[in-house]
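**Q** The lines below spell out each chain.
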Amino acid sequence: MNRKIAPPIKDAVEFDLKLKPYDKYVLSNGVEVYAVNAGAEELIQIEWVFFAGNCYEEKKMVASATNHLIKNGTSQKSAFAISEQVDYYGASLARASYHETSTITLHSLTKHLSKLLPLVRELLTDANFPEEELLLFQQNNRQRLEVNLKKNDFVANRLIDEYLFGFDHPYGAYSRFEDLAALNRSDLVAFYDRFYRTGKCILFIAGKLPPNIIELLEQEFGDLPLHGGVVEVPSNLAVPAAERKYRVTNDPNGVQGAIRIARDFPNRHHPDFFGVQVLNAIFGGFFGSRLMNNIREDKGYTYGIYSYLQNHIQQSAWLISTEAGKEVCEATVEEVYKEMEDLREELVDEEELLLVRNYLMGSILGDLDGPFHIIGRWKNIVLNGLDEDYFYQSIRTIKTIQPEELQQLARKYLQPEAFYELVVI
Amino acid sequence: MIQFSRFVLPNGLKVLVHEDNSTPMAVVNVLYDVGARDEDPDRTGFAHLFEHLMFGGSINIPEYDDELQKAGGENNAYTTNDLTNYYCQLPSANIETAFWLESDRMLSLAFSKKSLEVQRKVVCEEFKEHYINRPYGDIWFKMREMAYEKHPYRWMTIGKELKHVEDASLDDVKKFFRKHYNPMNAILVVAGNVVTEQVYELAVKWFGDIPPGEKYSRSLPQEEEQQEARRMDITADVPVDAFLKTWHMPARLDPDYYVADLVTDILGGGTSSRLYQSLVKEKQLFTNVDCYHYGSSDAGLICIDGKLVKGVRFEDAELAVQAQLDLLMNEGVTATELEKVKNKTESTMAFEDMSVMNRASSLAYYELLGDANLMNTELARYNEVTADQLVELGRRLFEEKNSHTLYYRSKK
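Protein chains in written order, with the numbering used here: chain A, 1 to 425; chain B, 1 to 412.
If you are wondering where the hints come from, they were derived from the structure by calculation, not from laboratory data.
Misleading hints may appear alongside valid ones.
[Stated by the list, open to error] Just some of the chain B residues that point at chain A, by a computed CB distance under 10 Å: (1) C124; (2) M184; (3) G269; (4) Y276.
[What the hints assert, rightly or not] To spell it out: a stretch of chain B is covered by chain A in this simulated footprint if at least three of its residues, at any positions, have a beta carbon under 8 Å from a beta carbon of chain A; those stretches are: (5) 16-28; (6) 32-39; (7) 147-153.
In this text, all values refer to a predicted model and were calculated from it rather than measured experimentally.
Glycine included, each C-beta is placed from N, C-alpha and C at the ideal position.
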């Protein structure tokens with residue numbers, strides 16, 4: 001045995017990846033249910049997706065506050081009683097608010113499901129947003145915001161989105177003290193009524209599903225004034241900043257700077273999206289990327305550096321993000337542009353490309369493991385208005401894209417003058 | 001029930017195999033029985049720095065990551081005060097690549113000067129990112145030093161100070177490798193879409209000829225029973241006051257560990273917990289409050305921490321925390337509350353065990369504790385805990401003389 005010689009491998013590009021199809025049901029009120037029934041454990045995840053993100057709000061922060069406080073009281077139950085019921089069954093009821101959508105996600109042992117669904121029904125029909133819960137939310141979030149504003153990375157994430165989209169765009173907006181203070185109960189109640197109680201809802205369920213799952217869902221949710229069908233997403237015009245380069249001082253004693261370099265990018269429907277996903281992997285998309293190899297593994301300027309495409313529905317952005325030593329921030333920025341230049345000027349060699357193809361395929365294979373991951377992929381496809389061909393086109397691109405096409409994409413998109421550049425120290 | 005089989009190679013390497021053919025992937029997890037607690041007090045942060053160097057090339061393979069990625073794999077590693085764990089996941093058809101890579105770096109590193117130089121810098125940036133350039137980043141450095149006078153839990157995994165990391169030499173690295181990185185001090189777990197016989201053959205082929213090394217025997221200075229409460233009051237450039245109080249708790253293998261774990265859930269597990277309901281919702285003294293512990297192998301700490309609502313005095317906040325502890329010790333817990341935390345434990349374990357990667361690392365960890373099968377008996381241990389035991393342990397734990405209180409004040 002010669003330890004210098006690698007054992008033979010099966011190139012991951014030879015793998016035939018399949019996305020397990022979902023089962024689709026429609027409840028009597030038109031609410032669509034996407035289901036992946038798989039897994040060995042008696043566990044279940046149900047996600048209620050509402051079209052109730054911040055692009056629907058008229059006043060800043062109303063969408064996220066409504067989402068957060070939806071489980072903090074109904075006319076029958078206090079916030080405590082609701083939490084206690086969820087916790088008693090060892091379940092969790094998470095909330096999250098995004099730009100287009102807001103979600104409620106239940107994780108539970110399958111055996112307790114029938115005890116928990118009526119509670120979710122109660123939240124969707126009778127949440128009453130008690131005044132004192134809102135006051136507490138405001139007080140605690142004000143202090144949390146004060147702490148977060150001390151963190152350079154937090155400040156940098158807010159600013160870069162504002163440069164890309166403008167503060168009045170839902171993707172560029174962020175929470176300010178004045179927005180938090182201006183929230184009132186009637187805003188939340190009105191938003192809830194329109195976008196949750198009578199809003200459009202889609203259900204994504206996964207895990208080891210009980211045989212009567214659809215009956216259970218029909219019984220608890222099929223008669224509610226929720227609806228399916230198409231909802232209009234308000235179209236917001238991005239107003240990007242005119243200035244491209246920013247240096248912001250946040251913490252005069254700071255020892256590191258938060259670096260963000262970003263440009264606008266089309267959404268998933270654009271034909272370049274597939275190829276750019278591969279190009280991004282080479283550039284900064286994983287631990288073996290060029291940015292990581294150069295800036296961490298060769299120079300030791302940072303603990304980590306990544307590039308990625310933002311997960312937005314209407315339009316995306318391409319970002320490079322890192323925290324680097326204060327004295328090497330400018331050198332780091334320079335290296336990022338050098339890596340862009342290299343991708344524009346030189347063809348990616350076959351060996352590197354094969355490594356990236358194999359890595360991406362292996363990573364998707366690993367990520368298709370288990371029902372929660374599979375439904376996550378489907379949710380992304382459904383909410384972006386795509387179909388399964390999106391998945392298979394991604395795979396085809398990973399397997400077949402050529403160095404010339406990658407170079408063309410680099411020339412088209414990795415142009416320094418198209419990028420915003422920010423260092424927060 | 002997690003099924004597994006176990007064998008030991010002649011060189012002392014313990015190998016565990018867990019078959020799960022519902023996944024196309026395989027996980028290879030290598031745990032080394034060394035953590036920050038095994039460091040010299042003047043050279044802290046070394047176990048973690050060493051973890052970074054394990055990716056800097058081994059004797060026959062210059063680039064660990066590249067080779068794994070070519071095979072469609074991903075990996076990572078972590079260091080705690082107790083152990084260092086490396087894991088990778090790859091399509092099971094390519095599992096031999098993981099054996100090749102892991103065995104070569106157990107055999108010997110390349111000890112590259114460049115890798116040491118770069119990773120010292122990388123770790124210093126990690127230190128800055130997580131502990132310096134971050135409000136409250138140093139709070140646990142202070143607490144550990146106050147709570148432990150002798151035991152090496154006194155310092156953080158990242159190290160006491162940047163200088164210790166900056167001063168690490170190649171000679172230190174070689175010595176550390178020889179002492180801790182060998183078959184006698186490692187546990188290999190292979191899980192996923194694998195067949196036990198195939199794993200056995202591969203283990204013999206790739207790990208069988210590695211010299212066994214010496215079994216490292218640990219004799220750490222232990223804390224003496226604490227006789228007096230300890231307190232610290234500091235001021236820093238942070239926007240709000242933070243409160244942190246800890247008490248010594250039983251070690252991981254102590255039967256009382258399970259009782260202590262449930263006590264933390266009663267007090268601080270989520271928004272229906274006692275501390276949250278009383279101190280955040282009703283009295284509005286804290287904006288958040290939590291009760292938890294780190295589950296360390298040697299005797300650890302139960303912690304209560306939270307940020308104070310502006311204008312609230314530390315003394316009042318502390319009294320309110322104490323009132324909740326008194327309530328637990330004097331009036332106990334209800335049957336429903338006990339059932340709730342047991343249900344939560346069952347559910348948390350089930351969700352954790354969904355991933356093959358978690359199952360593999362848990363098997364390695366329990367094997368390190370003495371028997372991988374502990375993984376299958378844990379839930380029963382929790383279910384046996386009674387309400388009386390919670391009260392009895394609470395009374396012993398939450399004695400003031402067993403405590404460490406830190407007021408972390410905001411500079412006005």
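**Q** Of the hints given before, which are not true for this structure?
**A** 2, 6 and 7
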